[in-house]
Amino acid sequence: MAARAGLWGRAGLWCGEGLSLAGLSRAGLCCRPGPGGVPAAPCWGRAAYSSVPAVSDREGPQQREASIRRRGRTPQSVRSSAPPRTERMAVDQDWSSVYPTAAAFKPASVPLPIRMGYPVKRGVPPPKEGNLELIKIPNFLHLTPPAIKKHCAALKDFCTEWPSALDSDEKCEKHFPIEIETVDYVSSGTSIRNPKARVVTLRVKLSNLNLDDHAKKKLVKLVGERYCRETDVLTIVTDRCPLRRQNYDYGMHLLTVLYHESWKTEKWESEKSEEDMEEYIWENSRSQKNALDTLLRIKASENVSDVTEDELLASEAVKNYRNSVIALKNEGETEGNMSQYKESVKKLLNIPA
Amino acid sequence: MAAAARALRVLPRALPGPARLLHTSPTCLKTRAARVRVGKGDKPVTYEQAHAPHHIAHRKGWLSLHTGNLCGEEGAAERAVEDTFLRRFLFGTFPGLLQDEVVLKRRGNLLVVCALLSRALPPHKIYFLVGYTETLLSHFYKCPVRLELQTVPARVVYKYL
Numbered sequence: 001m002a003a004r005a006g007l008w009g010r011a012g013l014w015c016g017e018g019l020s021l022a023g024l025s026r027a028g029l030c031c032r033p034g035p036g037g038v039p040a041a042p043c044w045g046r047a048a049y050s051s052v053p054a055v056s057d058r059e060g061p062q063q064r065e066a067s068i069r070r071r072g073r074t075p076q077s078v079r080s081s082a083p084p085r086t087e088r089m090a091v092d093q094d095w096s097s098v099y100p101t102a103a104a105f106k107p108a109s110v111p112l113p114i115r116m117g118y119p120v121k122r123g124v125p126p127p128k129e130g131n132l133e134l135i136k137i138p139n140f141l142h143l144t145p146p147a148i149k150k151h152c153a154a155l156k157d158f159c160t161e162w163p164s165a166l167d168s169d170e171k172c173e174k175h176f177p178i179e180i181e182t183v184d185y186v187s188s189g190t191s192i193r194n195p196k197a198r199v200v201t202l203r204v205k206l207s208n209l210n211l212d213d214h215a216k217k218k219l220v221k222l223v224g225e226r227y228c229r230e231t232d233v234l235t236i237v238t239d240r241c242p243l244r245r246q247n248y249d250y251g252m253h254l255l256t257v258l259y260h261e262s263w264k265t266e267k268w269e270s271e272k273s274e275e276d277m278e279e280y281i282w283e284n285s286r287s288q289k290n291a292l293d294t295l296l297r298i299k300a301s302e303n304v305s306d307v308t309e310d311e312l313l314a315s316e317a318v319k320n321y322r323n324s325v326i327a328l329k330n331e332g333e334t335e336g337n338m339s340q341y342k343e344s345v346k347k348l349l350n351i352p353a
Numbered sequence: 001m002a003a004a005a006r007a008l009r010v011l012p013r014a015l016p017g018p019a020r021l022l023h024t025s026p027t028c029l030k031t032r033a034a035r036v037r038v039g040k041g042d043k044p045v046t047y048e049q050a051h052a053p054h055h056i057a058h059r060k061g062w063l064s065l066h067t068g069n070l071c072g073e074e075g076a077a078e079r080a081v082e083d084t085f086l087r088r089f090l091f092g093t094f095p096g097l098l099q100d101e102v103v104l105k106r107r108g109n110l111l112v113v114c115a116l117l118s119r120a121l122p123p124h125k126i127y128f129l130v131g132y133t134e135t136l137l138s139h140f141y142k143c144p145v146r147l148e149l150q151t152v153p154a155r156v157v158y159k160y161l
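Top line first, the protein sequences correspond to chains A and B. Here this note's numbering is used: the first residue of the first sequence is 1, the next is one more, and so on. Here this note's numbering is used: the first residue of the second sequence is 1, the next is one more, and so on.
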């Protein structure tokens with residue numbers, strides 16, 4: 001948003017005559033007659049305290065300045081203005097007293113030979129006196145490092161120490177498992193209201209809640225998208241009420257209701273079918289039936305005495321097969337999973353490697 | 001019933017039938033807006049006047065700074081109306097003294113008006129005008145208004161057109 005005023009300085013100082021910063025307060029800021037031999041006071045058409053030649057072309061004829069003088073002259077306007085404050089500034093002055101708060105750029109208070117603006121052809125950028133571009137932009141002259149140090153020292157009295165017992169993230173989470181996030185909006189204008197400020201975000205890790213297996217599964221089903229499996233975080237965003245306090249209360253109410261509801265078991269929950277299951281369970285599945293069937297038939301064909309199903313289930317090969325099938329179904333097909341499955345099937349059916 | 005009859009009596013002739021009309025809007029001379037036309041070379045112009053609107057954000061900054069024009073923020077229209085009123089108010093309160101456009105800055109609730117004045121009035125009159133402006137505008141807009149003035153001996157000429 002800042003205007004790009006050509007190549008010439010903003011904060012990079014354009015020192016018109018090679019003056020060093022330290023010597024500014026003494027040298028060069030007094031009124032000097034211009035090239036046309038115009039007397040020192042009043043200098044129409046150029047600032048009374050500029051030490052560098054005027055911005056406009058040097059061939060500005062005498063009659064132009066004379067006409068401006070004639071047009072602009074009123075009896076009171078031939079008043080001698082005091083020299084700018086910059087001439088009396090010490091090099092080691094306290095700058096935070098010159099700019100204690102945010103203020104517009106005051107050329108008579110800033111002892112820097114700053115120029116800003118697009119230069120005229122074969123000319124230089126306009127000087128700082130009466131320069132609207134320097135006034136337009138926000139400046140940070142009130143925020144020098146010593147000034148900020150003073151601010152911090154003044155604010156320290158109002159600050160309280162962070163509790164020493166909470167020195168790690170885990171401890172913070174253990175004592176304060178619920179995180180509430182609210183946003184405050186600052187804008188310029190006469191109204192402080194912003195409708196976006198009523199949104200409240202509630203975050204909690206389900207591991208911090210007292211949930212058993214059934215309760216956790218039911219809660220996850222109830223909240224749907226608001227639960228993230230990777231981080232085990234439940235996020236509730238409320239904005240349906242007009243006030244932030246109301247949204248916060250509603251969010252806490254939702255959490256309470258979810259918790260209590262997930263512990264209850266309704267009658268119709270016993271009708272949970274295989275499609276509703278969140279993860280693959282091998283017990284009483286088709287895979288188990290098929291495996292047991294195959295093994296029993298193998299044993300029968302080998303004329304081995306009756307082996308019970310429980311013995312088969314407890315055997316090593318069947319256990320391996322069970323684990324590999326569960327891994328395949330729950331985690332998807334990966335290299336490791338497939339090779340594990342291959343090994344387990346070979347062991348189960350006694351196929352030599 | 002009687003009112004309708006009276007209304008009909010007022011109209012001497014029949015209502016006009018369907019017609020083809022042309023809708024015109026007032027002319028909007030975009031190529032002539034905020035541009036000082038080049039003349040003989042005797043017209044002094046300030047930096048602000050010398051640069052056309054397409055130089056904004058390239059060679060010129062903005063005269064009014066507030067958050068209303070940012071994405072997702074409200075209040076742009078209200079700020080624009082306030083700006084227009086403030087410029088006219090200041091133009092009338094400091095007659096003949098304003099050397100350049102007024103710069104308006106808003107910092108939260110605070111409204112900072114930066115004006116460039118000439119030295120035609122004695123200081124005590126200027127102080128009165130400053131107090132008058134600040135008090136009146138604060139009461140009017142219900143927010144603190146601060147006037148930051150700078151005086152120049154004459155209008156700062158950028159070039160002659």
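There's no promise every hint is true.
Unchecked claim - Distance ranges between label pairs, derived from CB positions:
1. 152/A / 141/B: 43 to 53 Å
2. 331/A / 109/B: 53 to 63 Å
3. 275/A / 109/B: 28 to 38 Å
4. 96/B / 85/A: 53 to 63 Å
5. 163/A / 134/B: 39 to 49 Å
6. 196/A / 33/B: 43 to 53 Å
7. 141/B / 226/A: 20 to 30 Å
8. 52/B / 85/A: 46 to 56 Å
9. 142/A / 109/B: 36 to 46 Å
10. 171/A / 134/B: 49 to 59 Å
11. 96/B / 190/A: 23 to 33 Å
12. 154/A / 109/B: 50 to 60 Å
13. 242/A / 33/B: 40 to 50 Å
Hints were generated in silico from the structure; no laboratory data involved. For every residue, glycine included, the Cβ atom is placed at its ideal position computed from N, Cα and C.
Next item on the list: Hint by hint, work out which the structure violates, then give me just those numbers in ascending order.
Entry: 1, 3, 4, 6, 7, 8, 9 and 12
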